[in-house]
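Number of protein chains: 2
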Amino acid sequence: MEMCKPQQNHLLAALSMEVKERLFSHMEWVELPLGKVLYESGDTMRHVYFPTDSIISLLYVMESGASAEISVVGNEGLVGIALFMGGESTPSRAVVQSGGHAYRLPGQRLKDEFNRHGELLMLMLRYTQALITQMSQTAVCNRHHSIDQQLCRWLLLSLDRLPSNKLTMTQELIANMLGVRREGVTEAAGKLQRLGVIEYSRGRITVLDRHKLEELSCECYAVVKRETDRLLPYTPSTMPDERSIAPKFRR
Amino acid sequence: MEMCKPQQNHLLAALSMEVKERLFSHMEWVELPLGKVLYESGDTMRHVYFPTDSIISLLYVMESGASAEISVVGNEGLVGIALFMGGESTPSRAVVQSGGHAYRLPGQRLKDEFNRHGELLMLMLRYTQALITQMSQTAVCNRHHSIDQQLCRWLLLSLDRLPSNKLTMTQELIANMLGVRREGVTEAAGKLQRLGVIEYSRGRITVLDRHKLEELSCECYAVVKRETDRLLPYTPSTMPDERSIAPKFRR
DNA sequence: ACCGTTCTGTTCTATAGCGTACATAGCGGA
DNA sequence: TCCGCTATGTACGCTATAGAACAGAACGGT
Numbered sequence: 001m002e003m004c005k006p007q008q009n010h011l012l013a014a015l016s017m018e019v020k021e022r023l024f025s026h027m028e029w030v031e032l033p034l035g036k037v038l039y040e041s042g043d044t045m046r047h048v049y050f051p052t053d054s055i056i057s058l059l060y061v062m063e064s065g066a067s068a069e070i071s072v073v074g075n076e077g078l079v080g081i082a083l084f085m086g087g088e089s090t091p092s093r094a095v096v097q098s099g100g101h102a103y104r105l106p107g108q109r110l111k112d113e114f115n116r117h118g119e120l121l122m123l124m125l126r127y128t129q130a131l132i133t134q135m136s137q138t139a140v141c142n143r144h145h146s147i148d149q150q151l152c153r154w155l156l157l158s159l160d161r162l163p164s165n166k167l168t169m170t171q172e173l174i175a176n177m178l179g180v181r182r183e184g185v186t187e188a189a190g191k192l193q194r195l196g197v198i199e200y201s202r203g204r205i206t207v208l209d210r211h212k213l214e215e216l217s218c219e220c221y222a223v224v225k226r227e228t229d230r231l232l233p234y235t236p237s238t239m240p241d242e243r244s245i246a247p248k249f250r251r
Numbered sequence: 001m002e003m004c005k006p007q008q009n010h011l012l013a014a015l016s017m018e019v020k021e022r023l024f025s026h027m028e029w030v031e032l033p034l035g036k037v038l039y040e041s042g043d044t045m046r047h048v049y050f051p052t053d054s055i056i057s058l059l060y061v062m063e064s065g066a067s068a069e070i071s072v073v074g075n076e077g078l079v080g081i082a083l084f085m086g087g088e089s090t091p092s093r094a095v096v097q098s099g100g101h102a103y104r105l106p107g108q109r110l111k112d113e114f115n116r117h118g119e120l121l122m123l124m125l126r127y128t129q130a131l132i133t134q135m136s137q138t139a140v141c142n143r144h145h146s147i148d149q150q151l152c153r154w155l156l157l158s159l160d161r162l163p164s165n166k167l168t169m170t171q172e173l174i175a176n177m178l179g180v181r182r183e184g185v186t187e188a189a190g191k192l193q194r195l196g197v198i199e200y201s202r203g204r205i206t207v208l209d210r211h212k213l214e215e216l217s218c219e220c221y222a223v224v225k226r227e228t229d230r231l232l233p234y235t236p237s238t239m240p241d242e243r244s245i246a247p248k249f250r251r
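So the sequences go chain by chain: A and B.
Residue numbering for the first sequence follows full-length UniProt numbering, beginning at 1 and increasing consecutively.
Residue numbering for the second sequence follows full-length UniProt numbering, beginning at 1 and increasing consecutively.
Derived by calculation from the structure, the hints in this document are not laboratory data.
Ideal Cβ placement from N, Cα and C applies to all residues, glycine included.
Careful: at least some of the hints might be erroneous.
Computed footprint of chain A on chain B, listed as stretches where at least three residues anywhere in the stretch have a Cβ under 8 Å from a Cβ of chain A [stated by the list, open to error]: (1) 37-44; (2) 70-78; (3) 131-137.
Working from the sequences, and respecting the hints, build out all of it.
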């Protein structure tokens with residue numbers, strides 16, 4: 001048996017003997033044929049996969065059926081971060097892009113390695129997953145949606161983070177954020193203004209019809225919003241039974 | 001200390017009294033004027049920011065100077081995940097997009113909350129950060145680069161995860177991954193073939209000139225590669241011990 | 001050796017967004 | 001009050017990519 005396998009998984013290889021032995025006693029060696037779906041959008045993940053000579057694509061599949069790759073995972077990584085990030089699932093699909101093999105570990109076994117970590121950590125991880133969702137959706141949106149749709153998404157994301165329905169933001173600035181021309185924003189904003197959805201002048205934008213804005217936006221806003229709400233429900237910490245909630249974060 | 005009631009930070013609000021009190025004894029209340037840069041690409045972060053009534057944009061600034069927003073952070077989150085993810089910095093810039101305030105915590109204080117967590121966790125987190133980098137860069141690439149460039153990037157990312165210089169992948173499949181038309185891939189691949197960079201037929205692609213491929217690719221590949229190498233150097237620690245694997249799962 | 005299927009190549013038109021140039025309009029300081 | 005600056009509006013040609021339709025080419029089972 002060769003000592004230095006050419007296609008071992010790098011993450012597993014980097015672990016100490018102690019941890020590795022504990023994990024490997026529960027590890028399965030599985031074949032991953034091309035096209036196999038490891039998990040669908042929203043699926044509760046049961047295993048994490050450590051690819052060795054296979055490649056897995058994380059895709060976001062849109063309502064239209066069109067898809068875009070969010071990221072790609074090979075022997076440098078693992079599939080199923082949501083299991084330890086705390087979200088248990090993601091809005092993306094994992095498909096085998098290049099057939100091969102992987103080590104597979106029941107999610108529970110991975111979580112067992114985490115069972116001493118406190119609430120702060122769990123909270124951070126869950127937030128991180130929400131952030132990742134946003135990033136992914138941004139990539140998708142950049143690929144597939146019009147400036148008009150993206151402006152709506154962007155306004156809604158901003159609106160959710162502000163106390164009023166006004167934001168101070170020149171079209172030039174928005175263009176930089178979206179990575180488009182200022183003129184493109186001018187046109188899109190003009191349309192929204194003509195529709196009575198927003199009102200603006202010299203860097204002061206007032207949202208008049210939020211509902212319409214949501215209608216005009218692409219699905220990307222809703223996806224991020226829904227996932228963020230799911231991951232971070234923000235139970236008020238002033239509640240007296242706060243500490244009794246904490247154990248639910250531990251598995 | 002003033003406890004900003006209407007616009008408290010949601011993450012802080014969700015913490016238990018115990019943890020919150022420990023954190024708040026080291027917390028600063030800072031003003032964030034519009035346009036202030038919280039950190040530049042590659043900067044070692046000293047603080048994490050919990051915005052209350054401000055919005056911070058995470059931007060990736062390209063070599064050309066053009067920029068694209070990776071994500072946006074408001075009172076639902078925090079700026080500086082790299083501090084607890086283990087990377088200490090990111091390739092992105094954080095700019096105040098909407099002036100306001102935030103709670104600021106020295107990074108070390110946050111890390112103190114993490115100091116009992118084992119090596120597995122740290123490894124996972126570092127990987128996650130690398131993945132996040134890839135996602136971010138995908139968003140950037142989708143916005144700004146041609147199909148030709150994106151194909152090069154994609155081939156390189158795949159190549160790095162495979163043992164040989166051959167990959168089995170139809171143009172149709174690649175098109176799905178990149179979120180573009182199959183015809184677009186056909187054209188881009190044709191150009192590469194004519195340049196002698198690759199050779200392919202019916203789903204079998206051989207990379208002949210990797211160096212050229214890197215030249216033709218946009219910067220996005222290099223950014224992700226460099227960051228991944230930095231976060232996960234895979235130091236030649238203990239090699240895997242075959243005997244620790246359950247016999248039936250050995251290769 | 002054949003035939004159907006699956007890949008790849010080509011060509012047409014349509015359009016969104018870019019680059020560029022320049023015009024207008026509102027605010028704010030002197 | 002005026003000037004200058006910044007923000008917004010508009011217009012024109014250009015290009016990359018989408019959408020669609022179809023032709024050729026190679027593989028693989030029977």
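Violating hint indices (sorted, rising): 1
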